[in-house]
Amino acid sequence: MTSSSNPGQEKEMEIMEGGAEMRQQACVVMVPSPFQGHVTPMLQLGHILHSKGFSIIIAHAQYKAPDPSNHPDFSFHSLADGLDASNSITGGRGLEMIYAMNENCRVPLQEYLEEKGDVVSCIIYDNIMFFVDKVAELLNLPSLVLRPFSAAYLHVLLHCLENADTIFPLPDDTESGLQDPIPGLYPVRYQDLSKFMQLEEIRRFMLTTTNIRSSMAIIWNTVEDLEQTWLSRLQQGYKVPIFPLGPFHMIAPTSTTSLIEEDESCLAWLDKQAPQSILFVSTCGSIALINESDVEEIAWGLVKSNQPFLWAVRPGSIDSEFVSLYYYPRPN
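Just so you know, the sequence shown maps onto residues 1 to 332 in full-length UniProt numbering.
Hints are computed from structural coordinates only; laboratory data are not their basis.
Ranges between beta-carbon positions, derived for each pair: (1) Leu-95 / Gln-235: 25 to 31 angstroms; (2) Met-216 / Phe-196: 27 to 33 angstroms; (3) Met-216 / Leu-279: 37 to 43 angstroms; (4) Met-216 / Gly-37: 23 to 29 angstroms; (5) Pro-187 / Gln-273: 32 to 38 angstroms; (6) Asp-180 / Tyr-153: 18 to 24 angstroms; (7) Leu-199 / Asn-291: 17 to 23 angstroms; (8) Phe-243 / Phe-280: 24 to 30 angstroms; (9) Glu-296 / Pro-142: 48 to 54 angstroms.
These figures come from a predicted structure and were not determined experimentally.
C-beta atoms are modelled at their ideal positions from N, C-alpha and C, and glycine is treated no differently.
Kindly generate the complete structure, drawing on both the sequences and the hints.
Structure follows, in structure tokens:
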């Protein structure tokens with residue numbers, strides 16, 4: 001028996017194999033910021049790209065560096081950031097340390113990328129690591145911004161920055177205007193905004209992180225069907241392609257991305273609870289602090305809900321002397 005081959009099919013196979021080989025050789029450098037809510041989606045995106053054939057290099061600051069052993073498929077490169085690992089980024093030093101990290105990591109990243117040469121296809125960076133934009137432009141390297149939060153949040157932020165003179169200062173706690181909707185942002189109210197946005201240095205920082213300049217596209221960890229209106233408005237403003245690829249955690253393979261040691265002692269208790277019966281509460285994120293009285297108020301609210309709950313509290317996030325609530329309290 002003789003076998004016959006179809007020349008067209010053979011050519012198609014050659015093209016497919018060649019394309020797969022090119023994807024396998026394509027290298028993406030990813031630059032996360034050292035905060036849990038930012039590094040997790042960056043690593044998840046890395047796993048998604050790796051599953052499509054890309055090789056991944058994580059270029060990270062030394063401060064709160066991710067654990068390479070949790071991501072054996074990636075290569076890791078540490079960038080000297082000049083920060084003392086013993087220092088905390090909480091307690092009012094957040095902006096100071098973020099600016100220092102952006103300044104100190106610029107030259108190490110540039111030198112590393114120059115050493116890699118043509119191996120690197122593009123670079124993807126977290127919006128907080130804004131120094132990458134300048135490095136990519138200098139080296140003529142395609143760059144994309146990853147925004148790990150919702151498009152609606154950025155729309156509100158940009159509106160507040162553009163209309164700061166009419167929105168700030170915010171009404172006082174005792175004024176009825178707190179519950180009034182912000183013009184152009186209905187149904188967002190004044191009381192929904194962070195008090196810290198009244199500070200000029202905070203607004204300057206936010207403006208810096210929203211100005212992508214030379215980046216060729218924006219990747220969003222969101223769902224287009226949920227935020228089509230906001231994504232369309234932002235695309236009109238930025239005038240670059242926008243890719244809503246989320247939610248990453250539903251697509252990426254399961255892996256450990258925590259920057260602190262995970263406590264799994266709650267799992268045995270969770271296994272004994274009815275499905276979809278637990279309230280999960282997580283406060284403060286990577287930076288914020290909360291005082292004891294507010295912790296008590298949250299605790300009483302959970303107790304009065306009459307629902308079993310699991311409350312994750314970051315070590316060191318409760319401070320009875322430093323008050324850093326981001327939002328106004330809800331009215332009684």
